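Let chain B serve as the given structure and place chains Y and S on it in line with the hints.
Protein chains in written order, with the working numbering: chain B, -9 to 213; chain Y, 342 to 736; chain S, 211 to 479.
Just to be clear, a hint being listed does not mean it is correct.
As the list claims (entries may be wrong) - Simulated coverage check for chain Y against chain S, where a stretch passes if three residues somewhere in it have a Cβ under 8 Å from a Cβ of chain S: (1) 360 to 366; (2) 396 to 404; (3) 574 to 583; (4) 617 to 623; (5) 669 to 678; (6) 681 to 693.
As the list claims (entries may be wrong) - Partial pick of chain Y residues on the chain B-facing surface, computed with a CB cut under 7 Å: (7) Met342; (8) Arg353; (9) Gly639.
If you're looking for bench data, these hints aren't it; they were derived computationally from the structure.
Model, not experiment: these values are computed from the prediction.
The beta-carbon is built from N, C-alpha and C at its ideal position, and this holds for glycine as well.
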Amino acid sequence: MNVVEAKDLARDYEFGAERVHALRGVTFEISEGDYVAIVGPSGCGKSTLLNLLGAIDQPTHGSVSIRGNPVAGMSDRKTTEFRLRNIGFVFQRFYLMPTLTARENVELPMSEAGLGKAERGDRARELLKYVKLGHREKHRPSELSGGEQQRVAIARALANKPAILLADEPTGELDARTGAEIIALFGQLNTDGTTIIVVTHDEELANAARRKIHMRDGLIVDG
Amino acid sequence: MRFSLAWSSLRRHGTRTLLATLGVAVAAAMLLDMVMMSTGLRESFRELLTSRGFQLRIAPKGTLPFDTDATIENTSAIVATLRANPNITTVSAVLGGTIHIPIGNRVVTSAALGIDPKVQGDYELISGRDPLGPNDIAGNDDFLKATGAKMGDTLDVASGYDPQLRTYAGSRKLVVTGRVRFIYGAANQLATAMQLATLQEMGGSDRKDDASLFMIKARNDSEVEGLRTWIWRNVPGVSVISTESALVEVDQRLSYFRQLALILGSVSLFVGFLLVTTLMTVSVNERISEITVMRALGVSRAHVVQQIVLEGVFITIGGAIAGLGLGLVTARYLNSILSSFPGLPVAIDFFLFQPRAAWMSLGLLSLSGIAAGVYPSYRAASLPIATTLRQEAIA
Amino acid sequence: MLIRLLSALLLLQQPAHRTIAIDERLAEDAHIAIGDKLVVSAKPGATSGDTVIVSAIVKRGADPAEIARSEYQVRMHLDQLQQVVAYGDRVDRFAIATRGDSATERALRDINASAFGFQAHRSRDIAVGTSRTFQVVSRFHKAIGVITIVASAIFLLCIMLLKVEERRRDVAALRLMGISRATVVKGIVAEAALLALIGCALGVGVGWIASQFINWFYQGVYRTPLYFSVITTPIVTLAVGLSLVLGIGAGLLASLRLVRTPPLKLFGR
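Next comes chain B alone, as it looks inside the complex (with noise of 0.2 Å):
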């Protein structure tokens, strides 16, 4: 079963009196429990087309499906209610909430999609021991090093067991080391049936996923 279908995907930009076409008409599917990794050089569109499955940005023009409900176009509210219980995203900069907790920063979606109060605390700890951080629950951000904050960062982009997940660049602020433990992680989620797509640079990374898509200019080259 699919759970992405694109179709036509196309972004348009404008830079003062500069049209910059970041996407020109990508068409693709991800079935449920794949692990793709989008890679390409600097500026070929794959960041732009992460965001516009993650409906964090409106197509131009073409159409996006997750799980058979299309995205583009719909009312605010509704884009971010379909992101809250459909989409889990990891960000380069792990932006977690510097004022709460690991647990904390874990239950926000959670406590968002209105799960009560002991159930989301059962849950979060029971992500953060998933990744391996049960015992930094009631640590800060500023407590934590960039591996355990991007670990925490994925704990909560699993918050409400979401269709997808998003990860841009995840491994773009960490080490070797640590960025092989996120790896890592990301395999093991995938074998427990998430369905992965990530954006990278890294090579490893991207050649930890089972399926590559090339982009360039874009658009999908190969893959």
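Positioned in the frame of chain B, the structure of chains Y and S alone reads:
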């Protein structure tokens, strides 16, 4: 979760939060003081006027009580006319004057009220007894201190003084019978009370049957306006003043303070709002990426706005509570300045604390705190997610 | 001829009405014009008294003691007023003009030494003595002014702190480049001084406009030519001086706080 996120965001920048709260506290204090001042004088004056239950006052035509030296003649006939009305339960005639008490080679000058002790509404007896006899006199603490008189002492009292001949007229020996507190007395004002007939006689033939003021108690409050009209028809040459009309006159004379209160109160509210808005704007601008990530995670715009608005509300409420204490202290200080107005009854307060005023100030401030956070947070929560994250990453 | 003589005799016997001057407020409110006949009496509500003719309408003086009192003023010949109020051959006071300060001192001495119970005062001493009401108002205004200054200082410090902190990344970058703390502080203080100057200019302008409005409004309300708000050079100097001190001081405190923080911490690392 929004509650704890807002609280932890404020704690993150402790100094800033504290300063902003202090700023709001000062604005709140000023606002509370101005709200108290705008209604305090009026309510304080109303309390004073109604403290003894007299709803109407009669003064010489075109004047307010004791505003001028003018008097009303034929007091006895007027009292009889008034008492004949079954809707009037009490009539108290009062004559105001000045008395002089030579003591050694100095002279003590004091205000004097001629009253009927059985129905008077001008003083409260602290010790001793009312001046029930024709040769009795009661004085306030300032008078007793100035004359050195004690209960039972006899004083040579005169009502008139000729500065050219340096002689006294209307002299009489009066015995001090009581120590009193004058309800309408100004600060440090020497004042005495004696029988109405005594002061009239001391005033000579000019004042034989005069009064400066009549105070009237109606049977029911609902009859006051009707009585006012009746008195106006049956007692010529006088002005009839109800509590409400007296308050209107006071409002008019002291309108400056109400206007000042309105202006300063508005400025305080605006400045407090400006402070919280600036704080919220800076705070939001610093956290654009956090806010955008929350949106990317699926937190709705409304919830983002709520969380940030909560921060503004915390600061505002914290400041308002601190401001309440500060406001009461500054109100006391400002009241002590204004209470030294010459001739103002010492019982009058310019700043009267009313719970309604406190709630109103708190409410206004809370609303401003909410409003201060809404725009910057809404703007931040409405930024396009992908573009903003990209810009923040570049920055 | 006889009739003419009789008419002249009759005219001679009719009493000529005395004249009075009334103030413009009374003339306006009671619609009285010059030449109108009025009846004056000392008894409130009286229907009979002396008939007089209004011969002049007088402008009110800028006397602060008259504010908030709705009194009217009437000027009469002294002897007539003495008779109307049954004062006899008495007055409340004499006003004396002298030929200079030394003459004033001599006159004061001579009058107060006389045997007949007169007390002479300098006019300015009386003004001070009867100004207690305005002294109270003045003290009240000063107190409000002090509170406002304290509040403004706190607001200014808070806002300056916020605005300077907003630029902490810029400051961190400068410090990492090798720019000294002193240079950074000087830059921020210079900005604060410029803002304070601009703020002062705006504030003086707003204050001047507000002052004009206050005078226009209250002169209308109280019907007086009195000036309620006057902006003087010392006031402007104090306001500008204080604003500059507070503005620059706030900028200095905020910038010192910022440069004491290690640059990397300012970057959030």
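Three-residue Cβ test at 8 Å for the coverage of the region 396 to 404 of chain Y by chain S:
It holds: at least three residues are needed, and the region 396 to 404 of chain Y offers 4 whose Cβ sits within less than 8 Å of chain S.
Can the region 360 to 366 of chain Y be counted as covered by chain S under the rule of three residues or more with Cβ-Cβ separation shorter than 8 Å?
holds (count 4)
Status of the Arg353 (chain Y) interface restraint (C-beta, 7 Å, chain B)
OK, holds: Arg353 (chain Y) within 7 Å of chain B, min 5 Å.
Quick one: see if chain S covers the region 574 to 583 of chain Y, three-plus residues with Cβ-Cβ under 8 Å.
That given contact holds, which follows from 3 residues of the region 574 to 583 of chain Y lying within Cβ reach (below 8 Å) of chain S.
Answer holds if the nearest beta-carbon of chain B is closer than 7 Å to that of Met342 (chain Y); otherwise answer violated.
Holds - the Cβ of Met342 (chain Y) comes within 7 Å of chain B, reaching about 4 Å at its closest.
Coverage of the region 617 to 623 of chain Y by chain S, judged on three or more residues with CB within 8 Å:
Holds: 3 residues of the region 617 to 623 of chain Y have a Cβ under 8 Å from chain S.
Check, residue by residue, whether the region 669 to 678 of chain Y contains three or more positions whose beta-carbon lies closer than 8 Å to a beta-carbon of chain S, and give the verdict.
holds (count 4)
Under the criterion of a CB-CB separation shorter than 7 Å, is Gly639 (chain Y) in contact with chain B as hinted?
holds (3 Å)
So is the region 681 to 693 of chain Y in contact with chain S by the C-beta rule, three or more residues under 8 Å, or is the coverage claim wrong?
holds (count 3)
The earlier numbered hints are all upheld by this structure, with none contradicted.
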